Amino acid sequence: MSEIEKGRILKINVLRFDPNDPSNLPHMQTFEIEEAYGMTLYIVLNMIREHHDNSLMFDFVCRAGICGSCSMLVNGRPTLACRTLTSKLGQNITLAPLPLFKLIKDLSIYTGEWMRGLNERLETWIHDKEQELHIDKLEERMEPALADEIYELDRCIECGCCVAGCGTIQMRPNFVGAVGLNKIARYHLDPRDKRGDEDYYELIGDEDGVFGCMTLLGCEDVCPKDLPLQSKIAYLRRMMVKTALNN
Amino acid sequence: MKKTIDKIPARLDFLQSVTGLILAVFIMGHILFEASILISNEMMYKVTLMFEGYYFFGERYPGIISFLAAAIFVIFILHAGIAMRKFPASYKQYKIMKEHSTRMKHEDTSLWMIQVITGFMMFFIGSVHLYIMMTQPENIGPFASSSRVVDEFMGPLYFMLLLAVVSHAFIGLYRLALKWGFMEGKNTERSRKIFKLLMKTMIAVYIIIGLASLAKYTYIGITHDFSDGVKYQSQTIKFEEHK
Chain L
1 MSEIEKGRIL
11 KINVLRFDPN
21 DPSNLPHMQT
31 FEIEEAYGMT
41 LYIVLNMIRE
51 HHDNSLMFDF
61 VCRAGICGSC
71 SMLVNGRPTL
81 ACRTLTSKLG
91 QNITLAPLPL
101 FKLIKDLSIY
111 TGEWMRGLNE
121 RLETWIHDKE
131 QELHIDKLEE
141 RMEPALADEI
151 YELDRCIECG
161 CCVAGCGTIQ
171 MRPNFVGAVG
181 LNKIARYHLD
191 PRDKRGDEDY
201 YELIGDEDGV
211 FGCMTLLGCE
221 DVCPKDLPLQ
231 SKIAYLRRMM
241 VKTALNN
Chain W
1 MKKTIDKIPA
11 RLDFLQSVTG
21 LILAVFIMGH
31 ILFEASILIS
41 NEMMYKVTLM
51 FEGYYFFGER
61 YPGIISFLAA
71 AIFVIFILHA
81 GIAMRKFPAS
91 YKQYKIMKEH
101 STRMKHEDTS
111 LWMIQVITGF
121 MMFFIGSVHL
131 YIMMTQPENI
141 GPFASSSRVV
151 DEFMGPLYFM
161 LLLAVVSHAF
171 IGLYRLALKW
181 GFMEGKNTER
191 SRKIFKLLMK
201 TMIAVYIIIG
211 LASLAKYTYI
221 GITHDFSDGV
231 KYQSQTIKFE
241 EHK
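Protein chains in written order, with my numbering: chain L, 1 to 247; chain W, 1 to 243.
It is possible that some hints are incorrect.
Derived pair list, reagent style DSBU-like, types lysine-lysine, alpha-carbon separation capped at 35 Å [claimed, not checked]: (1) Lys186(W) with Lys105(L); (2) Lys186(W) with Lys242(L); (3) Lys11(L) with Lys95(W); (4) Lys225(L) with Lys98(W).
Derived list of chain L stretches under chain W, where covered just means 3 residues or more per stretch with a C-beta under 8 Å from a C-beta of chain W [said to hold, decoys possible]: (5) 116–124; (6) 145–155; (7) 163–173; (8) 193–202; (9) 240–247.
Estimated spans, in silico, between C-beta atoms of each pair [unchecked claim]: (10) Leu12(W) with Glu152(L): 30 to 40 Å; (11) Leu21(W) with His52(L): 52 to 62 Å; (12) Glu99(W) with Gly90(L): 19 to 29 Å; (13) Leu163(W) with Gln131(L): 52 to 62 Å; (14) Ala89(W) with Ala36(L): 41 to 51 Å; (15) Gln29(L) with Tyr91(W): 29 to 39 Å; (16) Ala36(L) with Phe159(W): 51 to 61 Å; (17) Glu202(L) with Met43(W): 32 to 42 Å; (18) Leu12(W) with Arg116(L): 24 to 34 Å; (19) Ile9(L) with Ala212(W): 45 to 55 Å; (20) Gln131(L) with Leu32(W): 58 to 68 Å.
Because the hints were derived from the structure by calculation, they are not lab data.
These numbers were taken from a predicted model, which means no experiment stands behind them.
Backbone N, C-alpha and C fix where the C-beta goes; we use that ideal spot for every residue, glycine too.
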């Protein structure tokens, strides 16, 4: 009988901090976990909580890259823990919460509040006065190709990786970030949304909007859903400049 | 009533790109023309004559160079003024960006830090160079330029300027292409890779060409006997004396 192959011993360094405990200061804590075949960070964190320290806090819901809860900095880069295989990483793995968002504790952050603020600011819903007045009216039909194109952008799970990966928004927290610009691109495509280019310009036509983007492309490179952020932001930039020149 | 929108942010963004593009194209030409010294002194002299309008008007007008330098200076100042908006505005912002860049180990973010540093450097060294070109347009030539590099201590300044301007220009062009979606095609990952490779190649090529020309000017500046002045006497082109 062949011997069962022993996995590597992973050293997981976690940035721990409880902002609600006045005596607690941010500090690193290291856990040792034996690697198993096909292991993800989701499994690692659950093992730590189960066998080492049950006070460690982190967020998970779907464990399949759909809910966007488990976004964190893995070796300094924002990504989804559930989609990160330990086999792709070195023996030392450093985990930290995403910056900019409200910290709940350890790796757990409150993205919801921030995202809600963004959605309210950019009014990310269909604007159609007529439809509001006649709620029994049938929705306009659209071509499947267009529906697919909208759906492509609608895949955003608001995990916050693009926000944490963006240098611009770290420096200037008022910047809308790729998540916001992607949403505007999505509603701009949608024929049911009756907002004109000028309306969109009012939302993102300034230095907190598309003209604040410095094309560092952190967003494009860290987006776990591979959204076409680079080309959509470029598209919005062209569109907004055109709107300003035609006005 | 028609809605009024504030068009200034759009104009500024567009103008930053346009002025940057003009300056980058200018630099690409500039470094190549000045590298004519690598072919021969005579060749560099002919290029100088061309820019002084000799081949168009039959006479030399160094004022043309003054005018060109002034025009570039204006675009340069405009570009610097607009692009300055993107600089970190406080130590706190700088620190956040620096830490973010160190933590992320993300090439395009690090390249932006280089843009800020080289841009800032050029506020000073670029201005010195442009002002001299504007005020002393007649002192360009195989010997006059070499004398400036060696005897007037412009060598170190040109060296720094070369490194700064070449990296700034090509990183800028790369970013410009991605920013506006220029030739991005269906597969942006692929086009971006090509642009990045192109950027790195061009930086290497231009720095090599630039350093080689600077070395040649320095060599002439050290070895040439300037006791007859800095004017170059061409073997083939003779000027008629105007009396």
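Verification of the hints:
no. : hint                                 : in the structure
1   : Lys186(W) with Lys105(L)             : violated (42 Å)
2   : Lys186(W) with Lys242(L)             : holds (22 Å)
3   : Lys11(L) with Lys95(W)               : holds (29 Å)
4   : Lys225(L) with Lys98(W)              : holds (27 Å)
5   : 116–124                              : violated (count 0)
6   : 145–155                              : violated (count 0)
7   : 163–173                              : holds (count 5)
8   : 193–202                              : holds (count 4)
9   : 240–247                              : holds (count 6)
10  : Leu12(W) with Glu152(L): 30 to 40 Å  : holds (31 Å)
11  : Leu21(W) with His52(L): 52 to 62 Å   : holds (56 Å)
12  : Glu99(W) with Gly90(L): 19 to 29 Å   : holds (21 Å)
13  : Leu163(W) with Gln131(L): 52 to 62 Å : holds (59 Å)
14  : Ala89(W) with Ala36(L): 41 to 51 Å   : holds (48 Å)
15  : Gln29(L) with Tyr91(W): 29 to 39 Å   : holds (31 Å)
16  : Ala36(L) with Phe159(W): 51 to 61 Å  : holds (56 Å)
17  : Glu202(L) with Met43(W): 32 to 42 Å  : violated (57 Å)
18  : Leu12(W) with Arg116(L): 24 to 34 Å  : holds (31 Å)
19  : Ile9(L) with Ala212(W): 45 to 55 Å   : holds (53 Å)
20  : Gln131(L) with Leu32(W): 58 to 68 Å  : holds (60 Å)
Hint check: violations occur at hints 1, 5, 6, 17; the rest are consistent with the structure.
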